[in-house]
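Participant: The primary structure of each chain is shown beneath.
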Amino acid sequence: MPIEILMPALSPTMEEGNLSKWLKNEGDKIVAGDVIAEIETDKATMEVEAVDEGILGKQLIAAGTEGVKVNTPIAVLLQDGESAADIGKGAAPAKAEAPATAAAPAAAAPAAAPVAAAPKTEVAADPDIPAGTEMVSTTVREALRDAMAEEMRRDGDVFIMGEEVAEYQGAYKITQGLLQEFGPRRVVDTPITEHGFAGVGVGAAMAGLRPIVEFMTFNFAMQAIDQIVNSAAKTLYMSGGQMGAPIVFRGPSGAAARVAAQHSQCYAAWYSHIPGLKVVMPYSAADAKGLLKAAIRDPNPVIFLENEILYGHSFDVPKLDDFVLPIGKARIHKTGKDVTIVSFGIGMTYAIKAEAELRAMGIDVEIIDLRTIRPLDFDTIIASVKKTNRLVVVEEGYPQSSVGDFIANQVSQRAFDHLDAPVITIAGKDVPMPYAANLEKLALPNVGEVIEAVKAVTYR
Amino acid sequence: MATAAKKAPAKAKSDSKSQSAPVTPKPADFTKEQDVAAYREMLLIRRFEEKAGQLYGMGFIGGFCHLYIGQEAVVTGLQMSLIEGDQMITAYRDHGHMLAMGLSARGVMAELAGRRGGLSKGKGGSMHMFSKEKHFYGGHGIVGAQVSLGTGLAFANRYRENPNVSVTYFGDGAANQGQVYESFNMASLWKLPVIYVIENNRYAMGTAVSRASAETDFSQRGLSFKIPGIQVDGMDVRAVKAAGDLATEWCRSGNGPIILEMQTYRYRGHSMSDPAKYRSKDEVQKMRSEHDPIEQVKARLIAKKWASEDDLKAVDKDVRDIVADAADFAQTDPEPDVAELWTDILI
Chain A
1 MPIEILMPAL
11 SPTMEEGNLS
21 KWLKNEGDKI
31 VAGDVIAEIE
41 TDKATMEVEA
51 VDEGILGKQL
61 IAAGTEGVKV
71 NTPIAVLLQD
81 GESAADIGKG
91 AAPAKAEAPA
101 TAAAPAAAAP
111 AAAPVAAAPK
121 TEVAADPDIP
131 AGTEMVSTTV
141 REALRDAMAE
151 EMRRDGDVFI
161 MGEEVAEYQG
171 AYKITQGLLQ
181 EFGPRRVVDT
191 PITEHGFAGV
201 GVGAAMAGLR
211 PIVEFMTFNF
221 AMQAIDQIVN
231 SAAKTLYMSG
241 GQMGAPIVFR
251 GPSGAAARVA
261 AQHSQCYAAW
271 YSHIPGLKVV
281 MPYSAADAKG
291 LLKAAIRDPN
301 PVIFLENEIL
311 YGHSFDVPKL
321 DDFVLPIGKA
331 RIHKTGKDVT
341 IVSFGIGMTY
351 AIKAEAELRA
361 MGIDVEIIDL
371 RTIRPLDFDT
381 IIASVKKTNR
391 LVVVEEGYPQ
401 SSVGDFIANQ
411 VSQRAFDHLD
421 APVITIAGKD
431 VPMPYAANLE
441 KLALPNVGEV
451 IEAVKAVTYR
Chain B
1001 MATAAKKAPA
1011 KAKSDSKSQS
1021 APVTPKPADF
1031 TKEQDVAAYR
1041 EMLLIRRFEE
1051 KAGQLYGMGF
1061 IGGFCHLYIG
1071 QEAVVTGLQM
1081 SLIEGDQMIT
1091 AYRDHGHMLA
1101 MGLSARGVMA
1111 ELAGRRGGLS
1121 KGKGGSMHMF
1131 SKEKHFYGGH
1141 GIVGAQVSLG
1151 TGLAFANRYR
1161 ENPNVSVTYF
1171 GDGAANQGQV
1181 YESFNMASLW
1191 KLPVIYVIEN
1201 NRYAMGTAVS
1211 RASAETDFSQ
1221 RGLSFKIPGI
1231 QVDGMDVRAV
1241 KAAGDLATEW
1251 CRSGNGPIIL
1261 EMQTYRYRGH
1271 SMSDPAKYRS
1281 KDEVQKMRSE
1291 HDPIEQVKAR
1301 LIAKKWASED
1311 DLKAVDKDVR
1321 DIVADAADFA
1331 QTDPEPDVAE
1341 LWTDILI
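Line by line, the protein sequences give chains A and B.
Just so you know, the first sequence maps onto residues 1 to 460 in the working numbering.
Just so you know, the second sequence maps onto residues 1001 to 1347 in the working numbering.
Simulated from the structure, these hints should not be mistaken for laboratory data.
All values reported here derive from a predicted model rather than from experimental measurement.
Idealized CB from N, CA, C, for every residue including glycine.
Any given hint might turn out to be false.
Here are some, though not all, of the chain A residues that point toward chain B, as calculated from beta-carbon distances under 10 Å [unchecked claim]:
1) Glu-49
2) Val-68
3) Asn-71
4) Thr-121
5) Asp-155
6) Phe-159
7) Arg-186
8) Phe-197
9) Val-202
10) Gly-208
11) Thr-235
12) Met-243
13) Gly-244
14) Lys-278
15) Pro-375
Which bits of chain A does chain B cover? Going by a derived footprint, with three or more residues having C-beta under 8 Å, they are [unchecked claim]:
16) 3–9
17) 224–230
All chains, please: the whole structure from these sequences, using the hints.
Facilitator: Given below as structure tokens:
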């Protein structure tokens, strides 16, 4: 059967082009790879190569024709024993359905198939802490170290790599003692090479190991963000579920003290934008421990955002053999009935101080500590809003496209009728972090702002 | 000055191990079986890619589509040196790599067409395919990213103390990315079993090597990291096989990484939408007529009377049948179920 040669597309967006000239004439013998014609669009000129062998039976489109639609037959190729008389005899092996399916799937898809909402996943509750469990005052720093040590004892595939994690014992001393217990094979000092070692970590994870990659600060992870987003987060999807990257990227994020613009930035909103990542940002030592253990066991890439100022804060941590908390579950830090404050990480310190002053004013505040930024526990937030009808969100990151903005948007869509006031979001100021002490203080959120916001939504 | 400059690398080499620095080996002597197998494998890749180009023109394949035509000897020869468990990772010009690793033509073609029977269930496309079973780690669309990842695969081998090597492919274009050198440094520092295969096809998209690279001898790119490298005729599958044997032996013996600069050539444009105006037709034609990897083997098979024209036609028919079957499958297999939109994001 004669083979039709179709007008090819030069690019994904090309719909038509010009057939500028023929380089083979009717009757010419064609072998695969021969250039038979030239076509052009406004962007480029391209040669049409034959894929099949045969005789050029007929040119269906004249040289110089403009606006030839992609997939229009432009010539007919005759096979052994065929002649021009065979043209038209069922010559259309060109799989006519091709353009139809291929041309407009993007546009057609949403209309044809009402896209199902994302499936909802159940998140486990916090484990019960048996009555009488001893609580040990622990710094966030020690809690993080304990979590890693416990998981490294439990699973030989878990290792940690990063700058100064081994011999120096951690730039912020989070990995203190790990080299001594686990040795240099599993506690790996890297050169100063964030982009490279993030990629090495992801590769090791794709091969089935369980790396913990420490960034000295997440500011430096900007050099590595391609490996985190394009390699770690997307591989599971791109491989159709065959392989992913069970890896934890952890380190301090957000402002510390007087380290200025390049070292003071909260990454919660950045990474929360990315499907395929989980983003955890604990406030207390107990949450830091229980969630870091969960992150190390999680088969997905987890961004674990710590805070340098919180490292030295002490909290009660239950003395249990294996204290693991669920990722994706917010914690109600304090119950209340008048207004809900949602916060996370160091933002909790403003919420907690404001609550004490507001209590003195007779306002009963409920505080929710998100703990996980992605997936975000809207069930807990919305249940609280349905009770208090008022919401304030507090975070240190920049205001535009902030975590608080997303929460405000979702609450207004899902619980609008329950709101008695607009949601107020409190964030860091929309400026690079200044160095001067007075300006730095102004750039960060403060307790006064939280109190004013709560008064505003409660009309006090 | 000159003496000092010369001395440094010599000392570096003697530092690394007792084994002397590798030099480009002579092309391997192929048996009849090896030559026939190489012929068939390379022909499969070429016919597959020609068909992919055709289906792209018909609108069956979307997005970007980068063909491997001309470079077939590189993956074919290297694959002959590998053992079970060795990993492979490359960039976006990956169809040939997957076929060489034994992945089904149907699975690759269906993925190109975005169908449910594709290797990534239609969700990855031409540039993003993987196979856990065959130790193929992609298929990566970010130029150079696979170099760090491939170094990480080697890290896992060393961690597990297994004999496997990571074969990490990248092009002359990616060779100018910073993370390549970050990876070189760690691979050498930690003696990781990784073969860096630089497929130098002379053009990074439209930019000739000499316009983009201060050092155009890519085999030397590891010198500051004490990584030895050799230049290999990447159009001669026997030369590639010999280099592959040398490199795998080097890595498996604990010497750390090695660089193989494969001097090769792509006949087609960078992608389907590249008319390749940055080089002359004569240059392409000269390569095709004088150095074609498949024609070289074909001529050898005929000259040695290891195969007749009819035998080779039979191979060609066989390969065309496989490709036609893959193309039919890719065109008739349904698109992914819409529920797949939400799967495989998190485990």
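Participant: If a hint holds in the structure, say so; if it does not, say that too.
Facilitator: Hint-by-hint comparison with the structure:
1. Given hint, A:Glu-49 at the interface with chain B, holds; its Cβ is 7 Å from that chain's nearest Cβ, closer than 10 Å.
2. With a cut of 10 Å, the hint placing A:Val-68 at the interface with chain B is violated, because the nearest CB-to-CB distance is about 12 Å.
3. Among the interface hints, the one on A:Asn-71 holds; its C-beta lies about 6 Å from the nearest C-beta in chain B, closer than the 10 Å criterion.
4. Interface hint status for A:Thr-121: upheld, as the beta-carbon distance to the closest one in chain B is roughly 8 Å, under 10 Å.
5. Here the hint on A:Asp-155 is broken, as its CB sits about 13 Å from the closest CB of chain B, past 10 Å.
6. The beta carbon of A:Phe-159 is positioned within 10 Å of a beta carbon in chain B (closest approach about 7 Å), and the interface hint is therefore held.
7. The restraint placing A:Arg-186 at the interface with chain B holds, with a minimum CB-CB distance near 8 Å, inside the 10 Å limit.
8. Among the interface hints, the one on A:Phe-197 holds; its C-beta lies about 7 Å from the nearest C-beta in chain B, closer than the 10 Å criterion.
9. At a threshold of 10 Å, the smallest CB-CB gap from A:Val-202 to chain B is about 6 Å, leaving the interface hint in force.
10. A distance limit of 10 Å between C-beta atoms decides the matter here; for A:Gly-208 the minimum to chain B is near 7 Å, and the interface restraint holds.
11. A least Cβ separation of about 7 Å between A:Thr-235 and chain B falls short of the 10 Å threshold, and the interface hint therefore holds.
12. Because the beta carbon of A:Met-243 sits about 5 Å from the nearest beta carbon in chain B, less than 10 Å, this interface hint is met.
13. Given hint, A:Gly-244 at the interface with chain B, holds; its Cβ is 6 Å from that chain's nearest Cβ, closer than 10 Å.
14. Below 10 Å, beta-carbon pairs count as interface contacts, and A:Lys-278 has one with chain B at about 7 Å; its hint therefore holds.
15. Because the beta carbon of A:Pro-375 sits about 8 Å from the nearest beta carbon in chain B, less than 10 Å, this interface hint is met.
16. Chain B is given as covering the region 3–9 of chain A, and this holds because 4 residues of the stretch bring a CB closer than 8 Å to a CB of that chain, at least three being needed.
17. With a cut-off of 8 Å between beta carbons, the region 224–230 of chain A has 3 residues touching chain B; three or more are needed, and the interface restraint holds.
In summary, the structure is inconsistent with hints 2, 5 from the numbered list given earlier, while agreeing with the others.
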